[in-house]
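Below are the chains, spelled out letter by letter.
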Amino acid sequence: MSHYKMHLLVCAGTGCHASESDLVYEMLHDEVERKGLNDDVQVIRTGCFGFCEKGPIVKVLPDNTFYTQVKPDDAREIIDEHVIKGREVERLLYLDPETNEHVIDSKHMGFYKKQLRVALRNCGTIDPENIDESIARDAYMALGKVITEMTPQEAIDLIKRSGLRGRGGAGFPTGLKWEITSKNQSDRKFVVCNADEGDPGAFMDRSILEGDPHSVLEAMAICGYCIGASEGLIYIRAEYPLAIRRLKIAISQARSYGLLGDNILGSDFSFDIKLRYGAGAFVCGEETALINSMEGHRGEPTNKPPFPAEKGYLGKPTCVNNVETFANVPVIVLKGAEWFSSIGTEKSKGTKVFALAGKINNVGLIEVPMGITLREIIYEIGGGVKGGKKFKAVQTGGPSGGCLTEKHLDTPIDYESLMAAGSMMGSGGMIVLDEDDCMVSVAKFYLDFIVEESCGRCAPCRIGSKRLYETLDRITVGKGEQEDIEILKNLGSVIRDTALCGLGQTAPNPVISTLDNFMEEYVEHVHEKKCRSGQCRDLLYYVISEENCTGCMACTRVCPTHAISGERRQPHVINQEVCIKCGACMEKCQFDAISLMKDYPREVQLTTK
Amino acid sequence: MSKKITISPEAFEYMEKVTGTDGVEVRVNLPKKIIEQINEICDSFDNDPGELINVLHEAQNQFGYLSAEVQDVVAHNLHIPVAQVYGVVTFYSYFSMIPKGEYPISICMGTACYVRGAERVLEEFTKELGIKVGETTPDGRFSINCLRCVGACGLAPVVLVGEKVYGRVSPDGVKQIIDEYKKADGGSC
Numbered sequence: 219m220s221h222y223k224m225h226l227l228v229c230a231g232t233g234c235h236a237s238e239s240d241l242v243y244e245m246l247h248d249e250v251e252r253k254g255l256n257d258d259v260q261v262i263r264t265g266c267f268g269f270c271e272k273g274p275i276v277k278v279l280p281d282n283t284f285y286t287q288v289k290p291d292d293a294r295e296i297i298d299e300h301v302i303k304g305r306e307v308e309r310l311l312y313l314d315p316e317t318n319e320h321v322i323d324s325k326h327m328g329f330y331k332k333q334l335r336v337a338l339r340n341c342g343t344i345d346p347e348n349i350d351e352s353i354a355r356d357a358y359m360a361l362g363k364v365i366t367e368m369t370p371q372e373a374i375d376l377i378k379r380s381g382l383r384g385r386g387g388a389g390f391p392t393g394l395k396w397e398i399t400s401k402n403q404s405d406r407k408f409v410v411c412n413a414d415e416g417d418p419g420a421f422m423d424r425s426i427l428e429g430d431p432h433s434v435l436e437a438m439a440i441c442g443y444c445i446g447a448s449e450g451l452i453y454i455r456a457e458y459p460l461a462i463r464r465l466k467i468a469i470s471q472a473r474s475y476g477l478l479g480d481n482i483l484g485s486d487f488s489f490d491i492k493l494r495y496g497a498g499a500f501v502c503g504e505e506t507a508l509i510n511s512m513e514g515h516r517g518e519p520t521n522k523p524p525f526p527a528e529k530g531y532l533g534k535p536t537c538v539n540n541v542e543t544f545a546n547v548p549v550i551v552l553k554g555a556e557w558f559s560s561i562g563t564e565k566s567k568g569t570k571v572f573a574l575a576g577k578i579n580n581v582g583l584i585e586v587p588m589g590i591t592l593r594e595i596i597y598e599i600g601g602g603v604k605g606g607k608k609f610k611a612v613q614t615g616g617p618s619g620g621c622l623t624e625k626h627l628d629t630p631i632d633y634e635s636l637m638a639a640g641s642m643m644g645s646g647g648m649i650v651l652d653e654d655d656c657m658v659s660v661a662k663f664y665l666d667f668i669v670e671e672s673c674g675r676c677a678p679c680r681i682g683s684k685r686l687y688e689t690l691d692r693i694t695v696g697k698g699e700q701e702d703i704e705i706l707k708n709l710g711s712v713i714r715d716t717a718l719c720g721l722g723q724t725a726p727n728p729v730i731s732t733l734d735n736f737m738e739e740y741v742e743h744v745h746e747k748k749c750r751s752g753q754c755r756d757l758l759y760y761v762i763s764e765e766n767c768t769g770c771m772a773c774t775r776v777c778p779t780h781a782i783s784g785e786r787r788q789p790h791v792i793n794q795e796v797c798i799k800c801g802a803c804m805e806k807c808q809f810d811a812i813s814l815m816k817d818y819p820r821e822v823q824l825t826t827k
Numbered sequence: 004m005s006k007k008i009t010i011s012p013e014a015f016e017y018m019e020k021v022t023g024t025d026g027v028e029v030r031v032n033l034p035k036k037i038i039e040q041i042n043e044i045c046d047s048f049d050n051d052p053g054e055l056i057n058v059l060h061e062a063q064n065q066f067g068y069l070s071a072e073v074q075d076v077v078a079h080n081l082h083i084p085v086a087q088v089y090g091v092v093t094f095y096s097y098f099s100m101i102p103k104g105e106y107p108i109s110i111c112m113g114t115a116c117y118v119r120g121a122e123r124v125l126e127e128f129t130k131e132l133g134i135k136v137g138e139t140t141p142d143g144r145f146s147i148n149c150l151r152c153v154g155a156c157g158l159a160p161v162v163l164v165g166e167k168v169y170g171r172v173s174p175d176g177v178k179q180i181i182d183e184y185k186k187a188d189g190g191s192c
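Top to bottom, those sequences are chains Y and C.
Just so we're aligned, residue 219 is where the first sequence starts under my numbering, counting upward by one.
Just so we're aligned, residue 4 is where the second sequence starts under my numbering, counting upward by one.
Hints may be right or wrong, so weigh each one.
Stated by the list, open to error - Now the stretches of chain C that chain Y is said to cover, found in silico as 3 or more residues with beta-carbon under 8 Å:
1. 53-60
2. 87-94
3. 106-118
4. 148-156
5. 160-170
Said to hold, decoys possible - Straight line, CA to CA, 16 Å or less: simulated EDC-like cross-link-like pairs of lysine to aspartate or glutamate:
6. 799/Y x 756/Y
7. 747/Y x 810/Y
8. 167/C x 699/Y
9. 748/Y x 785/Y
10. 167/C x 756/Y
11. 625/Y x 666/Y
If you're looking for bench data, these hints aren't it; they were derived computationally from the structure.
Just so it is clear, CB atoms sit at the ideal spot from N, CA and C, and this is done for glycine as well.
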């Protein structure tokens, strides 16, 4: 890449792509050509920069100028002003919300300051469709080192020493998994990359595959060398067409360079990778279900043991690792186990990628050292809660996780601390909730997801989660009773203890965690029939203001249940017992006399009783 | 590895009346061309039952959906029970047994979109088009379905019409999106 004087990096991740970054790329490219700058300036489409909130992103190297929300029409100005005249286009620079000043380069942005990019090291730096750029950034060096200088056991020991743990959720030590698989004798073994990122709101695996596919391919080959496998499979969601396309390109380029296939780098180690597609089933992220799905069956989990390390794909020993886990491996080999284990906490080493979303100013993909606090993530990197609202909770771990509240803001984040707080690392989705979010509704949302995604194989999950959902639904529509809260508690613990697989065992987590942290909201819903956030529409009350009501009778005529009464030219009253909350009266009223209230107003109570 | 058995289109027409070789009665009501197309897909995966999901992906790509008839032919070619194929098709949400609309509308119901109001957006779409989730309008132009996270959480709530992504959609903006496609149709006629 060295002979160009300047590089324009255009983010081509899914987020920016959705806001026309490909057009931005084309316009920049055309403009460079038109001005005859081809020899000096290169325009590159890269993977995700992480700062999705302000996409599309264009970054200029070598000066690291960071342009946000670039539109195709801005291309000419960037070329004319920045590239030719050397002046930044100020209006496109990131505006620091605190100082209200433009920030020139990405290193000084709050969003990036606290980040440490290991797994995402190449995302947003290289063109993922060009293997030469990856190689220029040391891709396949680690593979070369392992094959030529190390025995499989030495490489396994290195990974074990580094303390790398599975990034897919449970945090099983990666080196140990490799060692177990390597010790099981068989004529065929498999390396499987789990890219079935089903957790709604998490998109780190997709971003790695879209931005730096070679790091994953390389790590799979290293794993293959360690455990004695020559076949690798990537199980990827069909919903990720861009990642699939880039993987296909990367695999064929790696093959043509002799980095995959027979006798890699002249050694007697051979390894090749195939793709398998998911078809939209969350449970397939569970490794035994994933293996069933790869074999062409329904993606139902099976009992463990036997673990896939003994009997996996086609009944052969199989090592299943997550995308982000693999992306860490080449760096560990090159920089050493000691370097990696110097980052993070005592039991959780390295970094973790989180997908920050929900009610937060800087939505995006971040990578931080383990042990960082929630406060740093939300207020320093995330730029605080959107619209200056009050922070309520962070949901981590997706449908299997739980909520962290204000009291957890200063807890260092690692596998153990999240577990202790009643949540889990999960794949790294982090959804910020503010005061407008109803925690009972959030629990209901996740249970709805679980009910839909339960494979139906075991009764606790199939029937139990459905009953949980129904109970939550009763509470949110104002039909809940004290007994329902007990049902939630008991049923939750039974499901947790008796379900077959990880999905089922963790299914009640959103309920248990919100019960633990927000019991008062449940009690309010049940006893006062009130939703403090105003999200449960059935718990809102239509009320007629005495001042504004002219007594025109328009509302009484549209009310389907005849809940409104009152004389002509006299203020009307809604009988709350009869009202079905259809909203027809509010739509009809021309005097803004009807409004929605969160509390059951006292005067209304009087009139209805 | 499975034996390679491809059923000729003629055989299927014959089988309309009789019981198939594997003891299953087959009623296939498909044009020859389609059967040939399915045979080709199955062939390209060596009629390997392990490739069932890939076969179904390819078939859905070509036909838009997986009708019962298409599943019959696939089952015969891969030499597995139709029940197994049906089991797989209905298990995975990506596979559909009804044709999607000309403009398939997908509303993201991932957590990020949900907390930013996707539910109301979905409600507006169902109200505006008069169909429920998973249905297609009688004229075949629009269909609605939900999906879980397209990963464009920065743009939440997100709506896809075909491949086109609409970000930060508000309930008020729904009609405008639909009109865009209604108009596109009117203009081209």
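(message) Hint by hint, where does the structure go against what was stated? Just the numbers, ascending.
(response) The structure conflicts with hints 7, 8, 9, 10, 11, although it agrees with all the remaining ones.
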